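There are 2 protein chains.
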Amino acid sequence: MDAYRAPLRDMAFVVKELLGLGRVNHLPGFEEATDDLFDAVQEECGRFSQEVIGPLNHTGDQQGATLQNGAVSTPAGFKAAYQLFVAGGWNGLTCDPEYGGQGLPNLMGAPIEEMWHAANMAFTLCPLLTRGAIEAIRFAGSEVLRSRYLPNMVGGRWTGTMNLTEPQAGSDLAALRTRAIPEGEHYRITGQKIFITYGDQDLTDNIIHLVLARLPDAPPGVKGISLFVVPKFLIKEDGSLGARNDVRTVSLEHKLGIHGSPTCVLAFGDEGGAVGDLLGEPNRGLEIMFIMMNAARFSVGVQGLAIAERAYQGAVRYANERVQGIPVGMTTPAPIVHHPDVRRVLSTLKSRIEACRALAYYAGQMLDLARAETDQTRRAAAQARSDLLTPIVKGFCTEIGVWVSSEALQVYGGMGYIEETGAAQYLRDARITTIYEGTTGIQANDLVGRKLLRDRGAMVRDLFEEIRTSLQSFAGQHAVAPVVVAVGRALTSAEEASAHLLAVSQTRPEEAFGAAVPYLHLMGWLISGWLMARSAVLAATRLDEGTAEADFYHAKLATARFLADHGLRICDSLHASIVDGGASLLAMDAAIF
Amino acid sequence: MDAYRAPLRDMAFVVKELLGLGRVNHLPGFEEATDDLFDAVQEECGRFSQEVIGPLNHTGDQQGATLQNGAVSTPAGFKAAYQLFVAGGWNGLTCDPEYGGQGLPNLMGAPIEEMWHAANMAFTLCPLLTRGAIEAIRFAGSEVLRSRYLPNMVGGRWTGTMNLTEPQAGSDLAALRTRAIPEGEHYRITGQKIFITYGDQDLTDNIIHLVLARLPDAPPGVKGISLFVVPKFLIKEDGSLGARNDVRTVSLEHKLGIHGSPTCVLAFGDEGGAVGDLLGEPNRGLEIMFIMMNAARFSVGVQGLAIAERAYQGAVRYANERVQGIPVGMTTPAPIVHHPDVRRVLSTLKSRIEACRALAYYAGQMLDLARAETDQTRRAAAQARSDLLTPIVKGFCTEIGVWVSSEALQVYGGMGYIEETGAAQYLRDARITTIYEGTTGIQANDLVGRKLLRDRGAMVRDLFEEIRTSLQSFAGQHAVAPVVVAVGRALTSAEEASAHLLAVSQTRPEEAFGAAVPYLHLMGWLISGWLMARSAVLAATRLDEGTAEADFYHAKLATARFLADHGLRICDSLHASIVDGGASLLAMDAAIF
Numbered sequence: 001m002d003a004y005r006a007p008l009r010d011m012a013f014v015v016k017e018l019l020g021l022g023r024v025n026h027l028p029g030f031e032e033a034t035d036d037l038f039d040a041v042q043e044e045c046g047r048f049s050q051e052v053i054g055p056l057n058h059t060g061d062q063q064g065a066t067l068q069n070g071a072v073s074t075p076a077g078f079k080a081a082y083q084l085f086v087a088g089g090w091n092g093l094t095c096d097p098e099y100g101g102q103g104l105p106n107l108m109g110a111p112i113e114e115m116w117h118a119a120n121m122a123f124t125l126c127p128l129l130t131r132g133a134i135e136a137i138r139f140a141g142s143e144v145l146r147s148r149y150l151p152n153m154v155g156g157r158w159t160g161t162m163n164l165t166e167p168q169a170g171s172d173l174a175a176l177r178t179r180a181i182p183e184g185e186h187y188r189i190t191g192q193k194i195f196i197t198y199g200d201q202d203l204t205d206n207i208i209h210l211v212l213a214r215l216p217d218a219p220p221g222v223k224g225i226s227l228f229v230v231p232k233f234l235i236k237e238d239g240s241l242g243a244r245n246d247v248r249t250v251s252l253e254h255k256l257g258i259h260g261s262p263t264c265v266l267a268f269g270d271e272g273g274a275v276g277d278l279l280g281e282p283n284r285g286l287e288i289m290f291i292m293m294n295a296a297r298f299s300v301g302v303q304g305l306a307i308a309e310r311a312y313q314g315a316v317r318y319a320n321e322r323v324q325g326i327p328v329g330m331t332t333p334a335p336i337v338h339h340p341d342v343r344r345v346l347s348t349l350k351s352r353i354e355a356c357r358a359l360a361y362y363a364g365q366m367l368d369l370a371r372a373e374t375d376q377t378r379r380a381a382a383q384a385r386s387d388l389l390t391p392i393v394k395g396f397c398t399e400i401g402v403w404v405s406s407e408a409l410q411v412y413g414g415m416g417y418i419e420e421t422g423a424a425q426y427l428r429d430a431r432i433t434t435i436y437e438g439t440t441g442i443q444a445n446d447l448v449g450r451k452l453l454r455d456r457g458a459m460v461r462d463l464f465e466e467i468r469t470s471l472q473s474f475a476g477q478h479a480v481a482p483v484v485v486a487v488g489r490a491l492t493s494a495e496e497a498s499a500h501l502l503a504v505s506q507t508r509p510e511e512a513f514g515a516a517v518p519y520l521h522l523m524g525w526l527i528s529g530w531l532m533a534r535s536a537v538l539a540a541t542r543l544d545e546g547t548a549e550a551d552f553y554h555a556k557l558a559t560a561r562f563l564a565d566h567g568l569r570i571c572d573s574l575h576a577s578i579v580d581g582g583a584s585l586l587a588m589d590a591a592i593f
Numbered sequence: 001m002d003a004y005r006a007p008l009r010d011m012a013f014v015v016k017e018l019l020g021l022g023r024v025n026h027l028p029g030f031e032e033a034t035d036d037l038f039d040a041v042q043e044e045c046g047r048f049s050q051e052v053i054g055p056l057n058h059t060g061d062q063q064g065a066t067l068q069n070g071a072v073s074t075p076a077g078f079k080a081a082y083q084l085f086v087a088g089g090w091n092g093l094t095c096d097p098e099y100g101g102q103g104l105p106n107l108m109g110a111p112i113e114e115m116w117h118a119a120n121m122a123f124t125l126c127p128l129l130t131r132g133a134i135e136a137i138r139f140a141g142s143e144v145l146r147s148r149y150l151p152n153m154v155g156g157r158w159t160g161t162m163n164l165t166e167p168q169a170g171s172d173l174a175a176l177r178t179r180a181i182p183e184g185e186h187y188r189i190t191g192q193k194i195f196i197t198y199g200d201q202d203l204t205d206n207i208i209h210l211v212l213a214r215l216p217d218a219p220p221g222v223k224g225i226s227l228f229v230v231p232k233f234l235i236k237e238d239g240s241l242g243a244r245n246d247v248r249t250v251s252l253e254h255k256l257g258i259h260g261s262p263t264c265v266l267a268f269g270d271e272g273g274a275v276g277d278l279l280g281e282p283n284r285g286l287e288i289m290f291i292m293m294n295a296a297r298f299s300v301g302v303q304g305l306a307i308a309e310r311a312y313q314g315a316v317r318y319a320n321e322r323v324q325g326i327p328v329g330m331t332t333p334a335p336i337v338h339h340p341d342v343r344r345v346l347s348t349l350k351s352r353i354e355a356c357r358a359l360a361y362y363a364g365q366m367l368d369l370a371r372a373e374t375d376q377t378r379r380a381a382a383q384a385r386s387d388l389l390t391p392i393v394k395g396f397c398t399e400i401g402v403w404v405s406s407e408a409l410q411v412y413g414g415m416g417y418i419e420e421t422g423a424a425q426y427l428r429d430a431r432i433t434t435i436y437e438g439t440t441g442i443q444a445n446d447l448v449g450r451k452l453l454r455d456r457g458a459m460v461r462d463l464f465e466e467i468r469t470s471l472q473s474f475a476g477q478h479a480v481a482p483v484v485v486a487v488g489r490a491l492t493s494a495e496e497a498s499a500h501l502l503a504v505s506q507t508r509p510e511e512a513f514g515a516a517v518p519y520l521h522l523m524g525w526l527i528s529g530w531l532m533a534r535s536a537v538l539a540a541t542r543l544d545e546g547t548a549e550a551d552f553y554h555a556k557l558a559t560a561r562f563l564a565d566h567g568l569r570i571c572d573s574l575h576a577s578i579v580d581g582g583a584s585l586l587a588m589d590a591a592i593f
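The listed protein sequences derive, respectively, from chains W and S.
Sequential numbering of the first sequence, starting at 1, is according to my numbering.
Sequential numbering of the second sequence, starting at 1, is according to my numbering.
Since the hints were derived computationally from the structure, they do not count as laboratory data.
Some clues are possibly wrong.
To be verified - Among the chain S residues that face chain W by a calculated CB cut under 7 Å, a handful are:
#1 325
#2 421
#3 424
#4 509
#5 569
To be verified - Partial list, derived from the structure: chain S residues whose beta carbon lies under 8 Å from chain W:
#6 254
#7 373
#8 376
#9 419
#10 436
#11 439
#12 503
#13 513
#14 561
#15 562
#16 566
#17 573
Keep in mind it's a predicted model, so treat the numbers as computed, not measured.
By construction, the Cβ of each residue, glycine as well, lies at the ideal position given by its N, Cα and C atoms.
Produce the complete structure using the sequences and hints provided.
Structure (structure tokens):
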């Protein structure tokens, strides 16, 4: 089983050099986020990830979470690791200091989250969901609810869950049936929820469920959904835990991967109704849920990046150890990393992982600016960019993550197919990331419907303008010219594709939404490619200046160049599919399958 | 759990209409392979696949093969199913009638094999390996060995295995260490072999292992490897079974998928040496092994197609049942198959599956012509084409198979991630197909090294010439024009890529072999795209003539058209990667990872 090694240098490059903490830490609330703090926290987090949760990844997968007598047990070691996680203050890193958090920007939080997920995705899902619940309560909760729940949740002493899905209501939340009946100041919740990640666990004393349900007088559809806070154990006036609430774990799912994380079927109200509080206004639950959801979507994008990095590391290690045959151009048997095809595969993985890392951290930075910019116009622009990026980070980084984990397994040959090796687990774990918190198709519909069409392309035009100006500023830099050309080509493709979708959306909306996923990929390639071009320019500058880390910057340059030739050209076929492929798509009637 | 439904009409279209049994059944030995026989055998095979082995696919996965007291047990139901398989005469369908086979052409065998693998890949691996062993013994065995083994193996009463891999010798067989010491007329074999599919089982009385090993005086490397026949039970003079041979199952692998098929570690000679016979000449084992290997590679290509079809069928069924949301352009909730994005996904899967089916069956037909053509020149041309196609069918159809099974899972959303649904098994099972019998990288090296470079491009030029002439003959056919244009573009890409690889191979062989996998994909798209263009022309003709199956032929036309817009354009980026990407690939030194 190979150990995870946090890629601290690569992370620091993106955070400190490419994006810059300086862009964030002059804003109110983020003053402490200096380069020095970043270095210290990163190093400590690397250690925690590598030494505490990393070693539990494979054993957690083999053992899995279990349900006995109605109670869930996490795999051996998870509880002790969680206690260290909480004791280290990791849970509240990016949370509001008012409730015990450390208020660090997402630009610092993203690489930390990457490390956790890379080390142990099944473990890290628990704090991921908790943070989403914290965000929702902070956004919509009364002062009573905030003070009742947030200090313990931010501190990690209680965890949070998201209860959306029901058997008939997955992507379509309009179909949900769970009911909430008012009773005094509270509500009684009745219904069944499925796919509840960490819906029960043995890590903490209490679990705070956020539950979507309908009030008796609610209008049908999405406009009649409210959000409720339903704790596993009721909380007394003095803050201590009271009676067990009417929530029961019915069963655990047998999943392809993330075996260490319990995925629960939860029954609310078998004995008369679980007691809950309304969060926010009646029938406005979906809006609040989207607060959680957007935070979670960003995190799942980071997860896709993380699992890709982990799988890649395993493949590199194996390729450096495994001797098979005499590579072309050599004269004696050598590790397979020297075979040109293996180099091609590893180069492809490395270049796409670095592109995803730049994209994900960039989105983190925009989340920070959207929250903290003091200038109204700048804040609105950052919010728009952040809104645009969320579905792209989620969709693009997870699709790349699944693909990378599969290609990494391939590097092992037959050994990759044997579970003991560990490569298969990365693929099994990664495979959920394109599905939960909204499938890639849902992300793409969001991108086209809410981000492109709603403002008739204003958001994307701002982005295209920024990219064009940026590329123009690189003119004459010989070392990066091929990358700039490739990104410029992708930019033209994205502009034409956007114009095409805007044009057809009114007469043939099926065509626009049928091209949504290729469009999401195209935008993902464009933005990440642009960030890689900027990385290359930065690396070329460092090399010109005469750096002590010449190998590192040469590698950055070579990797961006590789992406230009062996990645970005995919945009050509995406463009063709979107712009030329409408008629052939619409001709494929549902009856044809 | 969804049931498999054999796509008989689609199969018949490729075999009878696109490729034509008439091209084969005028040749000696294949006279019986008429359209009527094809229909009858197909229907019967469809029933067997759907009713006998199909229902054991999921249970076999859940239960898995087990090892107890040194003996392997297959999952419940496998033995009874195998007995029906043998009783139905299925095992020897394409085998030599001299030894009890039915001598049917591969053009008929390929769809039958597709059905078996689609219904139950883990089960069908056993006859797949047996057929490879039969081919090797028939090709290289003395009359004594042939008559001792072939009747029982062709009849399915004994099974066969391929024993190549050792821990240090995977893709690099030169490194193998298993030894064979002469003893009278026999040899004593000692060594350990890994990854032996059906290395032990409880289906038959005997198992015939073909084992690669070194003679005491063998030269090092691949020129010192010989092939031995080592039965599990020795065979007496009268043909009855004698003593147990010195072969022992040490352990079974815990694999990502194909749980129903035992993957064994076999120890030969723990008690002094397993008794074996030399097959063919000393030190010529690899050549014979390639006979088995090529047969197996073709079959694994079919397997990739098969698992893709099975996964697709599941996704289609789910998409037609699952109601979520109101699709764009509709006014009431409807099954998700009506969402444009789901239609795009299913169209993509369908079009690529049909392209793979045409490619795989075409390769089957070329195998037949290479064996049966009476004209020397025609036979040589068919052999060359078949040699060219083998790595492409293996590499391309399995890569598509893995991708399709992953995309099909995605259609289910969260349900796809739950093992009970069955979609996850298809992905787990499919994932081995790009690895065993030579990884995609190995296929691509074979394609570039032995098929493109060895004859300086003669083989591929013949193919390009045939495709060009064929496309020219379609000029003026309006309905298929976009497909013809797309294939023509792919042809140009493939020609330029071939010329480029030939040019760089002498000065920069690393570049040529580094581009081998993209080249394999490019060739796969070209050939399968060309066959889809021919399908489209055929469908357009039928429609012009006024067919009773208008819907069927319209679908064929639409599917080819869809592939042109949403599949074949990938060739643009493959071309760019091969032709423009050499320098950036070589710049990615092994130290960079």
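message: Are any of the numbered hints broken by this structure? If so, which, sorted upward?
response: Failing hints, ascending: 2, 7, 8 and 12.
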